[in-house]
Structures are given as C-alpha cells and as structure tokens.
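*Asks:* One-letter residues, chain by chain:
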Amino acid sequence: MEKQEFTIMAYTEDQVGLLHRITIIFTKRKINIESLTASESEMDGIYRFTIAVTESEELVAKVVKQIEKQVEVHKAAYFKKPEVVQQELALYKMATESLTSGVEVERIVREHSARFLTIEKDFVVIEKAGYRREAFALFEELKPYGITEFVLSGRVAVARNGHSIGNEVHELMELTN
Amino acid sequence: METVVIPTKKQDTKTTERISGAEAVVRILLEEGVDLVFGYPGGAIMPIYDSLYDYQDKINHVLARHEQGATHAAQGYARASGKAGVCLATSGPGATNLITGIADAQIDSTPLVCITGQVASALLGSDAFQETDVIGISMPVTKWNFQVTRAEEIPEALAKAFYIAKSGRPGPVLVDITKDAQFAEFDFDYRKCTGVRSYSPVPKLETSKVAEAAELINNAKRPYILFGQGVILGNAEVEFKTFIEKTGIPSAWTIMGLSALETDHPLNVGMLGMHGNYGPNLLTNECDVLIAIGMRFDDRVTGNLSKYAKQAKVIHLEIDPAEIDKNVKTEVAVLGDCKESLTELIKKVKPSSHKAWLQRFRDCDTMEHEKVIQDELHPKTDVLTMGEVIRIINEKTNGDAILVTDVGQHQMVACRYTKFNQSKSNITSGGLGTMGFGLPAGLGAALGAPDRTVVAVIGDGGLQMTIQEFATIYQTRAKVKVLLLNNEFLGMVRQWQQLFFDKRYSSTEMINPDFQTIAKGYYIPTNKVTEREHLEDAITEFINYDGAYFLEVMVGKENNVFPMVPSGSGVAEIRLE
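So the sequences go chain by chain: A and B.
If you use the numbering used here, the first sequence corresponds to residues 11 to 187, in order.
If you use the numbering used here, the second sequence corresponds to residues 129 to 705, in order.
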C-alpha cells in the first residue's frame, strides 16, 4: 500500500510516561514520527496527542488500535490530509541589520503573510503559521539574508468531520462527572 | 466500541489507619486475596520484606533463586490457578531480571503483578546504587506500569494494578515503589478498583455481528474452527464445546489453546502451526469459513500469510480490538468476551454435522500416523524417542496431569502427544519461546494447583538456563515432576541446521554436566533411563512418587520433529518428512 500523510489524534489522561508508551508503538515498527504535539484539549484534565506520520493506511490503522489499547488512552483515530484542518508554526531569527539592507525582507514577510514577533536592537524574530511547505518556502527566501535560528513546531490539527472522536470522550466525561 | 465505566463503590464504614507504605503493600495483597508471592529481596525493597515478616502465616513468600525464576514461577502459578501471579524484586538488577518473564507474560496474556523497589525519590535520576529506569525498560512489555514516589499513592496504584492485570485481555503490570514511599506513614484506606475511565477491558458485544457470523457459519460447507487461549482465559470451555457440538465443526488448537478441549473429543482435530498436525495445517487452505476464537494468528500458526487461507471467509471472535485484521483480514469480527459471544452464537447457529469434511481430517491423521506418529510413539530402533516417553506418561496419568514445557523440540513433542482431560492443564512459553521457562513455571504450577500432578518436561538446554530453581523446589517442597529429555543438543536449532543450513551444527552440541549429581545436590530424588526396558518402571515411579522428582531420559541425539511447515512456506506446504 502506498504511503501517504496521516494525522493521528488521541485523547488521553494526563499521565507521566504516557508519551513514551505511545512513541514505543512507533519505534517497535520502525515508523518515523514526523512531529508529535501533546497539549491540553477542550476538556478539563484530558490531554490530546497530535502525531504526524507518512505511512501506509493499513499500518497506520494498526498503530492507532495499539495506541487506543493503552490503558490511559480514551480514544484514538487517524485522518487523511483532506479530513483535517492543520497548522504548523515556524520561527525565524535574523540579525536586525538584515532589515536595513533595503526593503527586501519586509516585502518577503508581507508576501508570505508572516509577521514580526519582536524587533530588538540586535535581532528580529519572524513568525509564520501555515503548512510545512509554506514555512520552508519562506525559509528559502529569507536564507540569503542570514537566518541565525529556525524552528518549526509539530503539526496541530482538528478534524473537519462532525463526528470527531472528541464527542465520544465528551460523553464519557459527562458520564463520570 | 463503547466505554463502560463502573463507578467505584463507596465503603464509608471503613476507618483509616496510620501505617507505612510497606505495610500498606502487604495489607493490599491480603485484600486482593493473595496468599502466595514469588520474589527476591534486596536493598530497595527491604521495607516491604520487613512487613511481610509479620504476615508469614497469611502470605507465603517463595524465595526464587533468580528474579527471572520468580516471574516464570508466578506465570506457572497464574496459569494453573487462574489467579494473578505476584512478584517482588528489588531495584536495578532485581528489576531488570524480571523483564524476560514480564515479556513472556505480555505476549502470552498472563496476569502478573510485579512490585519493584526503587531508590529513594530524592535520588531518582542520580545514577544511585542499584538505580535503573524500570518504568522505561518495562514499558514495552507491560500492559500498564506506574512509579509510586509517595506512600499515599500506593493503594490506588496497586488497586489499579490488580484490576488491569486481570481484566479484559490479561497481562503483566509493574508498580515501582521508591524506598522512601515504603517507609513513609500515611492514613491507609483501601478500595478495590472496579473500573478505569479511559480503559474498556471488554468491548460490548454487537448482536448484529453475531448474526452475521451465524449466517456465514450456517451456510458454510467446510467450516473450520481455530481456538486459542482466549477460550481458557474467558472460562468459556463449556460454551465452546456446546458450540462445536451443535455445529459439528472440526476444531484445531493453537499451542496456547491446548487443553481447552479434551484431546479425545471427536471434533478435536489437533494442533495448528509449524509443528502441528498435518490435517489442521493442510485443510486450512481448503475450508470455506474459518472461525478463529480467542487466538491471534501468530506467524508460527499461519506460516506465510500470502499463502494462508486465501479462499476462506474469516470470522474472528476476540476480546482485543487490536488483534482484528492485525495479521489476517477478517470478514466478520465479533468483539467481546468469548464466553458471551459464544453463548449468543450458540442460539443463532443451526445444528449441523460435516461428516465428509471431518473425514478429510481423519484421512490426514491416518497419513500422519503412518509417516510420523507410529515411529515416534512406537519406535522400531533401540534409540529412545521423546514421543514414546510422552506416550507412557499419558498411560500413567490418564490425561489428568498439568503439562509444563520449556521451549524446543521436547515442547513440540509434548504438546503434540500429551493427552488432556481438563482445561488449564498446558503451561508453556508460546509467544516468546523463553528457554528456561519450564523449571520455574513447573514449580509455580505445582504451588498453584497443589492437588494435581504437575509434569514439567524440559530439554537439556533450557534446564541449564534456570537450573538454580531446583533449590526453590527443594525449599518449597513443591511436588513438581521434572522430566529431562536429554538429547545432548539444542535440538530444535540443530534440526534447522540439518534441514536448512547443510548440517553445519554451529554451537548446538552440548557437553553436559552430570544432571543426576546436580539434582542430588539439591536433595531431589532422581533417576536416569538410557534403555527402553527400564523406561516404563521409571515413569511409574516418577509419577507415583509423592514429592518432587527428577527423571532424565536419554533420547535420540539427532531425532527431528515432524511434520513441519518450513519457515516462509504456506501451511499447505507442510512436510511429513
């Protein structure tokens, strides 16, 4: 089966070590995790993992079942690219003097709908939210002007579909509260 | 799948009491009905051992001679008794020595509760003496684990541990308790765990799936059942038998399902897998509906998946959703506890018999008998075979004994030829294939089922991996009968070298010690048989002796186990010679 991009989502308890328990499911099968984000969710005390992988659907489906099998995982599911609204965040640190060499950097930032997070005496930080390829496109354009640091966050995503797995966890929470 | 949450019952009558974490651990063991634990003391778990000292009349501690032995003994105990096995070990090497047994219990779904001591919480991460990250190390091989750093966490952690180990698809859990948490005093109050909100151990049975399965079964011309340990773990032996008798479907077992159905049942067609019976393998590729019950299509059962049962519609009765479609694509998945699934299925299936189809299995049996079984059970040469030893054991035990096996040729022969009349009678390392399992598991089984005869069949390789547990057998007076089938080789590896590596016997010949002297050193009665004329009398004495006994039988050095599905071949390519 052909590999494609998937976003895996899991609603979990807040438990030390659960991150490790989830990542070893990938390690055991030698699957590369492209990014992993653990964060609060819309429910009090419930955490949410967002994991980006490029793999065959068959393998991703098996991995998701293994994730859901973990005692502290409420629900897990996987989504194809069109099924989610997703975003990543990039930060670019550059020397402030790169701005004084003309209007180029400012123009690039505008064209990419990026923004200046901060402008200090010695450096500036530019922020770009969007798809990974957009972050890299901006990187390529800024590169000639000297990027001193670059960092890209993991993918965060929400499902487009109404019956996102959150509903089942919501019901469960109502049952137990 | 629906998540079921059972609210914890409030027991308001209980008053709390101020005790140490260590004392709490022991009290909790009592609350959970534990009267036997296996372990090995050491620095970081000394407070718990100190508390155990006061409860020697209520909790029997079996001092293994290596922590791995403690885990296998706990596994043997769990599988013979149906209860969870409990292991105690200290931090560092004590904890790492548990890992093989925990991994074995994980892959064979055996409920174990392992409690390890840990360095004091202030020292965590400082590479303290005997510190190891046992939570990290055990995570891939436990169903659940948890580190306790405060005494107050002990009751909830252990309550969850017992609940998770035993519920749903059972498995091993580990609770790591820092030494300061064992010493600290707190207000003790204990409530058994009855549910964890993020965990649904038993999926809710969908009646539509049962109906779909029944429809397929009712219309099948050549239905065929594969059953595994799920039938035993689900206590569904009676429902299983009712189901097959009503439908008349031939049924074959995985090594973990062995003993769920008595050997002599007319619908028991034998063993699946690499060294299973001829018919059960060959006819897998001729059935039209394949009904898998509480089994997981291990590669040793399926052989090459691309040549496995491609013609069949597969029905899978299973408690663990992650097993569905893992290895074999399923037409109808019936998720749930097989006791309940089978009860519902029995109502919906039509009475039937499949005489001609069953006859195909019988014909295969005849062929296998002529080519393999006859010579294995009644050899014409002077060389003793493993099969004839098992045949005589059957005659002496009448199929009532618990069989414990190690791993290798003797395991395959013992599982192929031992007769069983009752369930929970076969204890072996199926999934992990852990050499060294047999001796400690035999000891644990004897303690878990003290009224039954326990025969532990072991090879000369595996025996030497945990041979120190003879001391535990002597100390506990466990009445385990240890049968060594000695071929002076790592027989299974040698067989593969003969068949697939041009007889290049690389590091498989064993120059062995005198096992008789060793057993005598442990004060275990012994006997050794090298000639057939003494075999039957020796086995009679072995079985009838009231207590532990060590019998060594010298068997053919280069005998092979057949039939065999060579690695990478399909099940229908099974070789009889």
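For the record, the hints were derived by calculation from the structure and aren't laboratory data.
No experiment lies behind these values; they were computed from the predicted model shown.
Careful, some of the hints might be misleading.
[Claimed, not checked] What follows is a list of derived Cβ distance ranges for each label pair:
#1 B:Asp630 with A:His30: 52 to 58 Å
#2 B:Asp182 with A:Leu99: 44 to 50 Å
#3 A:Asn42 with B:Lys475: 47 to 53 Å
#4 A:Ile43 with B:Asn432: 27 to 33 Å
#5 B:Pro394 with A:Glu184: 38 to 44 Å
#6 B:Asp630 with A:Lys153: 55 to 61 Å
#7 B:Asn526 with A:Lys13: 35 to 41 Å
#8 B:Leu252 with A:Ser45: 27 to 33 Å
We put the CB at the ideal spot given by N, CA and C, even for glycine.
*Asks:* Checked against the structure, which of the hints given earlier come out wrong?
*Replies:* Result: hints 1, 2, 5, 7 break, sorted rising.
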